[in-house]
Structures are given as structure tokens and as C-alpha cells.
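Residue numbers (full-length UniProt numbering): 1 to 870.
Hints may contain errors.
[As the list claims (entries may be wrong)] In silico lysine-lysine, DSS-like type, Cα no more than 30 Å apart, as pairs: (1) K301 x K322; (2) K296 x K273; (3) K704 x K751; (4) K421 x K346; (5) K421 x K309.
If you are wondering where the hints come from, they were derived from the structure by calculation, not from laboratory data. Computed from a prediction, not measured in an experiment: that's the story for all the values here.
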Amino acid sequence: MAIDMREKATIGCAYFSTVDGILRISEDIPMANMDIAEQFLIHVRPTTLLVSARAPEEFYDYLEKQCAARSEGDSHSVIFRGLQSSEFSLESAHERLVNIQGNHSSSATAIFSGGIDHDPLDSIPSQPEGLRQESRVFKSLRCGGSINLSSRVSVGCAGAVLGDLHRRRSGGFLPDGQVAGALFRVQSAEMFSLSAYMFVSSDALLSLQLVQTELHPNSQAWGPDSNKDRTKESLSVYGLFHYLACTPQGRAGLRQLFLRPLLDIGLIEERQKTISVLLQPDNADNLTQITSLLRKIRNIKTTFVQLRKGIEFPSASQSFNKGVWSTIRNFTAHALGLREAVASLKGCADLEIICKIPFIKALNQGNRADHVSMQLIDGLPPSSLVSVGDIINKTIDFDQSKSRHRSSVKAGVDPQLDELKRTYDGMDSFLTEVVNHMNRELPEWACQYVRSCIFLPQIGFLTVVESNPETGNGRYEGEGGAGAAWEKLFEAEGAVCYKNTYMRELDEEYGDMYCQIGDREVEIIHSLANRILEYEAELVSASTVCGEFDAIMALALGAEKYGWRAPRMITESVIQIEGGRHPLQELVVPSFVPNNCQLASECFDRGPIDENTPQVLVLTGPNHSGKSVYLKQVAIIVYLAHLGSFVPANQATIGLTDKILTCMSTRESMSGAESAFARDLKQAALSARCSTPKSLILVDEFGKGTNTDDGSGLLAALLEHFLAMGQNSPRLLVATHYHEIFEGGYLREHKGLCLAHLDVRVDWSASQTEDQVTYLFSLAYGHSTSSFGGKCAALNGVPSTVVERAEAIALLLAQNEDLGAVCTRLSPEEEKRLNEAETIARKFLSEVFEGELTREGRGSIKSALEDLLS
Numbered sequence: 001m002a003i004d005m006r007e008k009a010t011i012g013c014a015y016f017s018t019v020d021g022i023l024r025i026s027e028d029i030p031m032a033n034m035d036i037a038e039q040f041l042i043h044v045r046p047t048t049l050l051v052s053a054r055a056p057e058e059f060y061d062y063l064e065k066q067c068a069a070r071s072e073g074d075s076h077s078v079i080f081r082g083l084q085s086s087e088f089s090l091e092s093a094h095e096r097l098v099n100i101q102g103n104h105s106s107s108a109t110a111i112f113s114g115g116i117d118h119d120p121l122d123s124i125p126s127q128p129e130g131l132r133q134e135s136r137v138f139k140s141l142r143c144g145g146s147i148n149l150s151s152r153v154s155v156g157c158a159g160a161v162l163g164d165l166h167r168r169r170s171g172g173f174l175p176d177g178q179v180a181g182a183l184f185r186v187q188s189a190e191m192f193s194l195s196a197y198m199f200v201s202s203d204a205l206l207s208l209q210l211v212q213t214e215l216h217p218n219s220q221a222w223g224p225d226s227n228k229d230r231t232k233e234s235l236s237v238y239g240l241f242h243y244l245a246c247t248p249q250g251r252a253g254l255r256q257l258f259l260r261p262l263l264d265i266g267l268i269e270e271r272q273k274t275i276s277v278l279l280q281p282d283n284a285d286n287l288t289q290i291t292s293l294l295r296k297i298r299n300i301k302t303t304f305v306q307l308r309k310g311i312e313f314p315s316a317s318q319s320f321n322k323g324v325w326s327t328i329r330n331f332t333a334h335a336l337g338l339r340e341a342v343a344s345l346k347g348c349a350d351l352e353i354i355c356k357i358p359f360i361k362a363l364n365q366g367n368r369a370d371h372v373s374m375q376l377i378d379g380l381p382p383s384s385l386v387s388v389g390d391i392i393n394k395t396i397d398f399d400q401s402k403s404r405h406r407s408s409v410k411a412g413v414d415p416q417l418d419e420l421k422r423t424y425d426g427m428d429s430f431l432t433e434v435v436n437h438m439n440r441e442l443p444e445w446a447c448q449y450v451r452s453c454i455f456l457p458q459i460g461f462l463t464v465v466e467s468n469p470e471t472g473n474g475r476y477e478g479e480g481g482a483g484a485a486w487e488k489l490f491e492a493e494g495a496v497c498y499k500n501t502y503m504r505e506l507d508e509e510y511g512d513m514y515c516q517i518g519d520r521e522v523e524i525i526h527s528l529a530n531r532i533l534e535y536e537a538e539l540v541s542a543s544t545v546c547g548e549f550d551a552i553m554a555l556a557l558g559a560e561k562y563g564w565r566a567p568r569m570i571t572e573s574v575i576q577i578e579g580g581r582h583p584l585q586e587l588v589v590p591s592f593v594p595n596n597c598q599l600a601s602e603c604f605d606r607g608p609i610d611e612n613t614p615q616v617l618v619l620t621g622p623n624h625s626g627k628s629v630y631l632k633q634v635a636i637i638v639y640l641a642h643l644g645s646f647v648p649a650n651q652a653t654i655g656l657t658d659k660i661l662t663c664m665s666t667r668e669s670m671s672g673a674e675s676a677f678a679r680d681l682k683q684a685a686l687s688a689r690c691s692t693p694k695s696l697i698l699v700d701e702f703g704k705g706t707n708t709d710d711g712s713g714l715l716a717a718l719l720e721h722f723l724a725m726g727q728n729s730p731r732l733l734v735a736t737h738y739h740e741i742f743e744g745g746y747l748r749e750h751k752g753l754c755l756a757h758l759d760v761r762v763d764w765s766a767s768q769t770e771d772q773v774t775y776l777f778s779l780a781y782g783h784s785t786s787s788f789g790g791k792c793a794a795l796n797g798v799p800s801t802v803v804e805r806a807e808a809i810a811l812l813l814a815q816n817e818d819l820g821a822v823c824t825r826l827s828p829e830e831e832k833r834l835n836e837a838e839t840i841a842r843k844f845l846s847e848v849f850e851g852e853l854t855r856e857g858r859g860s861i862k863s864a865l866e867d868l869l870s
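When you get a sec, could you build the whole thing from the sequences and use the hints?
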């Protein structure tokens, strides 16, 4: 197994098993932590672990310790190897993947066969370079139909695995006599997901607008700081909840929650139950208090990083209220308040997720994960929080620290410091006594020129003498006194400061008190930091618990704001939705028409579910009627249900869904060396190979990027492929305009297929174009052959001449007319000759030839015809 972590904590993984010869590649998991790495180790149970040498040090050390621990406590040892980062490069990985020879068998699960040490291009050296390059491009497209090449970190891990397998094959024979070339040969490659989470491809996340970031419009004004995140959340389902989270760790936890839909019904139902309790009317006041407390809680993890570095203020312009000590003290106070507020919620005693925030922990045995819980109440331990807050309050003088803009120690903490501060604070009266003492020792005439005695940090005691403007020195410099001549240090504001014997004696006796006070305070605060760091693990854990709870709170607030309901989760592969809505579309239209949906797979006992419930629902009908919105809203409801969230529906029963796969047009980019149709084919190939009876597949306008006959044939073959799987067929939602597939009854023998459309009302007598077709947006069963493409074109501003011509051509096609003959345009010369012929023909038809046609009358007829032709 190879695993790597790249920028923004994105983890990727790939592994190869000699048992079946399959190379498995995961989707990239963004915002991942060590729990995800541990989940990969549990899921794969590798014998060799490959890690990039440029992986984060914390990540690298964690995996090395995990391998050492598993080698000691498990039945097999794990070899830990750090490889050069070049082994994980995307370019070499892509090259190794496309060089796997394609498998031409009809197996739905096998993707590639043969060894990676043989390049099919090498067997045809006589090909021109252009053909060789074209063949490589087609291999790349075929590879992209089976593996999500946009998962860059995981693809890099796959390259590292393939490189290691190549080195092992080069070794020849194994000690037991097995042939290494056969044992380490890749037979196929496929995608995989962690057993605890639903598999959702990056294309599905983009198509369904579940999580979608974009560049912040002000990012250019922020400067070249690489630590700043220049993105913001665009219009997405996650964006509906993002601003409802109150804490930084809550927003990060909410995003992680959205990126990892669960497959554990117990945890899903516990989240739903928690949201229900939070939304009880009796808890409305507590909910407001909890929200207010959460808004005051900061991410204490970053604060402890600053504390370890000795940074009291993140920036010079920041107030002391946002410094390390103020942040930690406020966190302990607000966390205690949050603990009390949560404990006072009505009905929270029976909630495990409020009393227990689950964290994924590793099991030593078995390819699964167990949810070992950590109590929320214990996660905010009052003893530790009170101790930390009390220690800081008793040590730090916050009022004095604000004025000095550095940490100051309270009185009573250290006797030595208190004595120094008392002496320093009484310095004014002491200096007055020093001046009086000096005046008694100085000549009487000189006393009038000695202004005062001052104390300056790092310089010590000084005598201030009135300045003589003529000489620039003091009017008295110690001449005739008991001591030696005074030492002039500097001149300021009409006075000169001197160091003399009296001042040096004071320096020796009292020293630099200000620096002594500062040094002593530094020692005390350093000792305080060491004591607080002993509680780091507990406080960081408490901060994480607050973030976890904040994420659940955001789901609850969103459910209340948007009027969502709790779905019922079951293990059967069933989808029953009543009054389902699209969470984004309903916010941008004046009124949204909800719709129902029923899908079920044959591989499970349907129980009370109608036997006629289809596996495949195909939507036909007009453009603009809402087919794509319907497909997406069903998938979003299923996705939200697996988060433990409420869903935009009046009622929903959702069966566990292991994968959501899409065959939809996504955002095009010039960075991808492939056409839009090629991307559609890759998505279809991935859906056909990765789907299971518990999967949900969305197919929207598949085949529209090519010839009509080819497109309809591809769609019909794809539907037949899934319907022929019988009990192993996934659930499909399809939208198409290829009506000829169903009009000919090609798929009629498959009972799992159901046709439906979004209803419309037509009034061709209406004077306005926009009034001729009324979209009702309500689901109706049955086949609809109308597309109203011309009317949609007119509604979208296409010129009327173009629309009328399009409708005329469409009518000719419907009547099986030969468009080549009907629509052929003549040249000007041909058109002139045709007009002349038409004129002659019309004149001829208008002539009347009287009498019987006889031999004698032929001359007159001939002359008449000649007149016509002339």
C-alpha cells in the first residue's frame, strides 16, 4: 500500500493484492487527519507500506509508529519504506497506468489485464510517430474511464505501487520458488472507498454542487502569503450550512462531515436524534445561549502552537485580549458555560452523540472500524478547565498587561518580584530623598542647578543638572565636591544627565530593577507556560469536541431554517421520497413544486414496498421541465441522509447507498486533454464497473455529444446492461430525449424499467409564445415524446426566423421527407433557368388548342409552341 498527504491535508491511497492481482485506487480525501490514515491501514491491512519522503513530518512519523505497533501486536509484520517523492509524481504514475494493456473481455469488473512491464506500442515499431501518439491518447482515455485521474494524490500513490511492483518483478524468483513476474503482475485496476464511508466521485460532488469552492474576489489584494486561503465557498449544499457554524473548528468539522457520508446506520440515526432534540421548542432558549457561547470559542489548537513558540501575540497590532493567555482563559470560561448549557438541554440525557462524540479508532483485527466514544461532558472536563483558568487568573495581571502590551504578573505570586515592584513603584519618593542627600553634600551655590535624580532602565540612576547654553554642559559638574568629576552621558530638554559616585553606589545597591522585574516575570510566565502545556492534550481535545458539536448544531440550525425533515434509514436498497425538493433550486425560484420518487433494487426483500417499484426510472419530456433538477434533488436527499442530516422532503425512507455515481456534463476545462463526450464516456465506464446493488447512478442526457444514432444506441445499450443484471442492478435515474429507444419498445421486456416525465400544459392558441407552453414541474408516469425545442429556443431569445425555420425542418423530418431534396439551394443561373421553364410551362398550360389534332393542323400547333418558346 502507498499512502501520501499533500497540500491542504489531502490524503490519497492505492494498494495491490497478490491474491487477486487487482490494483485499487481511492478517491482523494481532503481535509483529512490521522484517523483517515488509520482507517486505510485497517481497511487494507498491508504487509508493505510506501510513504513519500516529502510527506509532512507528523504524518510520516505517525505511520511509522503505527507500522511498528502493528508489527508487534499483530500476526504479520508491516514493512515501512520511505520513497523519494519522484516515485509519487503524477506524470510517472499516469504513464505507468496507461501502459497497462487493455482487457477486451466483457467482464464488468475487470478493467485492465496483462502486465505493466509490456508496452503494446513496442510491438508495432513500424507505426509513424503520429499514430503511436494517438494510440497513447486512446489508452489514456480508456484508463480515465476506469480510474478517476483527477484524484491526483491517489494516482501518484498508484504510480509508487506500480514502480515497486516493477522492481519486485525484476528480482526474478521468490525464495519459495514462485515466479515474481507472475505473482506481482497487475491483472486489473479499479477504484475503492473506505468501508465506513460512501463512495462519491469528484465528478458527482461537482455535478450535484455538494461542496464547491471558488477563488475569492479579493484574493489579489491579500498579497503573496501562501498561508492564506484564497478560496471561498460557492453556491453549494455545504454553503447553506457553512455560515451557521460558529467556530473555526466547527466549520472545518462540518466540511469534513460533508465530505465523508457515513454507512453506519446507528451513527446516522444518533445524529438525527440529536438534531431533533436540539430543535425541540423547549430548548429554544438554550439553543440561543449555546450559539452565543460557541461564537466566543476559538480554535485552541493554534493557540497552543503559538504558546510553544513563545508567541504571546500573533501580530504586533493585536490587542492583549486576543493574545495567548486571554484566549486560553476565555476558552476555559466559555467551554464550562457550554458544558452547563448542553447539560441543561431537555432530552439530552438519552443522546449518545451529545454525551459521546464518536472518534474512529483502530482495531487490531478485522477489516472494519469500531466507533469508540468519548463523552462530550468528559470531553469538557471541569476540573482541568477550572484549573487552567484559575492558574492563569492568579498569575496574569490582565489590566496591567493591556497597558504594557506584554504579559505582567500579579502581586502575591512571587515575593522577590513583589519586593522589586514595591521598590520600583516607590522610586519617586526614594529619588527625592537621594536628591536631598546630595544637596547636603554639594556646595550651597551648586544646589540650585541640580534639578533631580532619575532612574532609566538599562542605564541606572542619573543626576539631572541645568544646562549651560554657552558650553552645552551642566552648570555644575562636580568640581570641588567630595567625589571625582561627574561623567556626562547625554543632554535633553535643557538639562544634562550625569553619572557620579552617588549614582554608581545606587546602581550597585539596587541594580537595574526594571530589567530584573522583566527577567523575573519572564521566568514566572515561562513556568506558567510549562504548567499550561501539561493540559494541552485535554484542552485541544475539548476544542475538537466543541467543533464536533458545532457542526451538529449547524445541521440543526439549517434544518430549522430551511424546513427539512428527518428521513428514515434502512438497510434495504430502497428510495422512497414524498415531497422532495432541491435545496438550492428552491431558494432561487418564487415557488418550488415538490415531487415524489420511488426506486428499489430486486436483490432485497421489498416487504411493504410496492412490487412495481422500478429499479430504473427514465424521464423524458420537454426541455426546461425540470428533469435534471429532479435527478439531482433525489441524489442530494440520499447524500444528506447519509450525513445524519435532515433532508428537504416531507417524508423519506432511504436505504443505505454505498456509492453515488453520475454520468452528467461537468464544468469543461482546457487542462483536460479530452472532449466533453469522452468525459461522459469515462463517467459511464466508471459507473458500469464500480456500481453494486446498493449504488445510485444518475444519467443525464448521456450520448448527446455524438451522432444521434450512436448516442441513442449507447444509451439503450447502457440501460440494457444494467437491466440485464437483474438482482445485481443498481438504482438508476435517467433523463433523455432519445424517444426512439422507447417508442420501438426495445426495452419493454425488462420489468424493472419505468418511464415518467415532468408534466406540461399546451395552449397553441395563446398569442404570446411564453403562454403557449406551461411547465407544471410535477412528476407524471408514462412516456412523453414532446420536447418543444423550438418553443424553448424562442423563450431564450433565439430569433423568430431561426425558430420558424427549425420547426419547418423538424416537421419535414417527422414526415420522413428527404431533406437533401427539400432543402437544396440552387445557384443563380440554375434558379434563372428554372424560373424561365416555369413561365413557359404555365403559358403552355394556359393555351387552348381548338379542333382535332390532324396531320393538317400540325403546322399551327408547331407554330404556337414556337411562339411560347420564343
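Now for the hints, and whether the structure bears them out:
{"no.": "1", "hint": "K301 x K322", "verdict": "14 Å, holds"}
{"no.": "2", "hint": "K296 x K273", "verdict": "26 Å, holds"}
{"no.": "3", "hint": "K704 x K751", "verdict": "26 Å, holds"}
{"no.": "4", "hint": "K421 x K346", "verdict": "52 Å, violated"}
{"no.": "5", "hint": "K421 x K309", "verdict": "28 Å, holds"}
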